[in-house]
Amino acid sequence: MRFENPKIPEGINTSPDHPLKEFVSLLGGVLLVIAIGVGVLSLMAEFLAAGIPFRYETELARYFQNSTTERSEIGDYLQEIADRLARAQSLPADMRINVHYADEPVVNAFATLGGHIVIYRGLIEKMPSENALAMVISHEVAHIKHRDPIIALGRGAVIGIALAALAGISAESIAETVVGKAGLLTALTFSRKQEGQADATALAALVSVYGHAAGVTDVFNLFTDMQNENFVHMPEFLSTHPDPQRRIKSIEQQILDHDWSADKATRPLPQL
Amino acid sequence: MTADLIVFVVLLALGYVFGQSVERRHYRSILRREQELQDVLTFSAKLPPQDLKVEGTNLVSGNVVVSVDYFKRFVAGLRALVGGRMRTYETLLDRARREAVLRMKQQARQFGADMIFNVKLETASISKGAKDSIGSVEVYAYGTAINTSDSFSR
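Protein chains in written order, with this note's numbering: chain A, 1 to 272; chain B, 1001 to 1154.
Just so you know, the hints here were simulated from the structure itself, not pulled from any lab data.
Just so it is clear, the structure is predicted and the values come from calculations on it, not from any experiment.
Built from N, CA and C at the ideal position, the CB exists for glycine as well.
Just so you know, not all the hints are guaranteed correct.
Simulated crosslink set (DSSO-like; lysine-lysine; CA at most 27 angstroms straight-line) [to be verified]: (1) K1053(B) / K249(A); (2) K126(A) / K249(A); (3) K126(A) / K7(A); (4) K1120(B) / K1053(B); (5) K7(A) / K1128(B); (6) K249(A) / K193(A).
DEER-style ranges, computed between Cβ atoms [what the hints assert, rightly or not]: (7) G160(A) / V1082(B): 19 to 27 angstroms; (8) V1009(B) / K249(A): 36 to 44 angstroms; (9) E252(A) / G1083(B): 23 to 31 angstroms; (10) E59(A) / R1085(B): 30 to 38 angstroms; (11) V1009(B) / K21(A): 17 to 25 angstroms; (12) R71(A) / V1082(B): 57 to 65 angstroms; (13) F1018(B) / P16(A): 41 to 49 angstroms; (14) L27(A) / S1149(B): 55 to 63 angstroms; (15) L48(A) / L1121(B): 49 to 57 angstroms; (16) S261(A) / V1082(B): 54 to 62 angstroms; (17) F1018(B) / Q245(A): 41 to 49 angstroms; (18) L27(A) / F1111(B): 43 to 51 angstroms; (19) L43(A) / R1085(B): 52 to 60 angstroms; (20) N13(A) / V1009(B): 24 to 32 angstroms.
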C-alpha cells in the first residue's frame, strides 16, 4: 500500500480577482448608496423642518447663542434697515429679525436660527453704498423668511443621525471613519437653490423699499473680485456658490424682467 | 478633515503596496516549500492502518499568527456592509493554514517522520473583533508524526 498527497490545484480557496477591483466596486457602491440616501433624507428633512413653528426655532436658538451684543448706533442702523426689508418681505407676525453687529474685520454676514442676523464690521467697510449693504441684509432676511437655517439644521441633524447609525452597524471601525467623513461634508450650509431663492426675494424687497435696484450688482462684483484675489477667505454670503457669475446673471435677468431701474443714484452709507 | 483624509489615503496605499507584496512573496514561498515537503504525508485519519509498522510517534505542530493590512481591513469593512465573499480575508487565511501545515511538516521531518496522522487545524482570532485592535488570526496545525520502516513509505 502506497500513499500519496497529490498537489492541490490553486485558486479554489482564494479568488484570482484583483483586490483593487473589489475595492473600487465596493467603495463606489457604498458611496453611491450613501449619496442617494443622504439626498433622499435631506429632501425629507427639508420638507419637514420648514413646518417647525418659528417659536420652537427661537427656543432652539437660545442654546446656540452665547453672547448678547450690546446696543450700538451701528446696530440700531442695521436693525432699522432689516426691519424695513422685513416689512417689505411681509414676514409672518411671529417672525422677528434681530440684527447683531460684530466689531470684527471679517468680511462676512450670516443668518442663523431664531431670526438672528450677524453683520461684521469688515463687510460694512467693504460696502460702497447703503443699497449694497441693504441687499446683503435683505438676502439674510430672506433666508430667515424661507426658514433656511432650520432647514439646514434639520438636514444636518437627520443626515448626522443616519450616518452615525450606519457606522454603528458596520463591523469595522474603519468603515465608520469613512462614513463619519461623509457626514462632515454635509455641514450647516444653504443649498444653491436656497441661495437663489433668497436672492430673488431679497431683490424684490430691496426694490420695494428703495424704489430701484441700483447698487445690487456691486455686492456680487465685489465678492467675485475678492474671491479671485483670495479664494481661501470667501465670505459666507458667497461660500456655497461655486458659480457667482450665474447668480449675477439671474439677478440681472430679474431686474430686466421687472423693468426695475438699476442706474439710479445709490444712497451713501452714513458716517457711524 | 483634509489632513485626516490624507493620512487615511496614505495608510490605505501603504497597506495595499506592502500587503500585496508580502502576500505575493509568501505565496511563492508556500508553493516552493510545499513542493519540498511533499513527501511528508498528512492524513486526517485518527489512526494509521493496522498493518503499518510504527517505529515511533511524536506530536508535531505548526503555529502561525498573521495580521491583516490596512487595505484588506478597509475592503473587508466595506464588504461587511453589503455581504458576500470576503476575498481579502480568504487569501489571508489560506496563507495561514498552509503555512501552519508546512511548519508542522517541517517539524515532522526533523523527527525523521514521513507521515502525520490525525492532522487537525485550529483557528483563533487574536483580537476577537474588538474595536481599534489589530485584526490578526492564529492558525494552529497539529498531528501525530509517525516513523515507519523504510520499506513501507518510499
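Hint check:
1. Of the pairs offered as hints, the one joining K1053(B) and K249(A) is violated, with about 97 angstroms between alpha carbons and a cut-off of 27 angstroms exceeded.
2. Between K126(A) and K249(A), the direct Cα distance comes to roughly 22 angstroms. Compliance with the 27 angstroms bound is thereby established for this hinted pair.
3. The hinted pair formed by K126(A) and K7(A) fails the criterion: a straight-line CA distance of about 80 angstroms is larger than 27 angstroms.
4. For the hint pairing K1120(B) with K1053(B), the CA-to-CA distance comes to about 23 angstroms; that is within 27 angstroms, so the pair holds.
5. Using a Cα cut-off of 27 angstroms, the hinted pair K7(A) and K1128(B) is violated, with the two alpha carbons roughly 33 angstroms apart.
6. The hinted pair formed by K249(A) and K193(A) meets the criterion: a straight-line CA distance of about 15 angstroms does not exceed 27 angstroms.
7. Against the hinted window of 19 to 27 angstroms, the Cβ-Cβ separation of G160(A) and V1082(B) comes to about 22 angstroms, which satisfies the hint.
8. Taking 36 to 44 angstroms as the suggested C-beta distance range, the pair V1009(B) and K249(A) conforms, at roughly 38 angstroms.
9. Against the hinted window of 23 to 31 angstroms, the Cβ-Cβ separation of E252(A) and G1083(B) comes to about 54 angstroms, which falls outside the hint.
10. Roughly 52 angstroms separates the CB atoms of E59(A) and R1085(B), a value that falls outside the hinted 30 to 38 angstroms.
11. Taking the beta carbon of each, V1009(B) and K21(A) are about 19 angstroms apart, inside 17 to 25 angstroms as hinted.
12. Checking the proposed 57 to 65 angstroms range against R71(A) and V1082(B) shows it holds: the Cβ atoms sit about 58 angstroms from each other.
13. In this structure the hint that F1018(B) and P16(A) lie 41 to 49 angstroms apart at CB is violated, the actual value being about 21 angstroms.
14. In this structure the supplied range 55 to 63 angstroms holds for L27(A) paired with S1149(B), their Cβ-Cβ distance being about 59 angstroms.
15. Between L48(A) and L1121(B) the beta carbons are some 56 angstroms apart, a value that agrees with the proposed interval 49 to 57 angstroms.
16. The given range of 54 to 62 angstroms is respected by S261(A) and V1082(B), whose C-beta atoms sit roughly 60 angstroms from each other.
17. For F1018(B) and Q245(A), the Cβ-Cβ distance of about 47 angstroms falls inside the hinted range of 41 to 49 angstroms, so the restraint holds.
18. The given range of 43 to 51 angstroms is respected by L27(A) and F1111(B), whose C-beta atoms sit roughly 49 angstroms from each other.
19. Judged by the Cβ atoms, the range 52 to 60 angstroms given for L43(A) and R1085(B) is violated: they are separated by roughly 35 angstroms.
20. Our hint of 24 to 32 angstroms for N13(A) and V1009(B) holds, since their Cβ atoms are close to 31 angstroms apart.
Taken one by one, the earlier hints fail for this structure at numbers 1, 3, 5, 9, 10, 13, 19, listed in ascending order.
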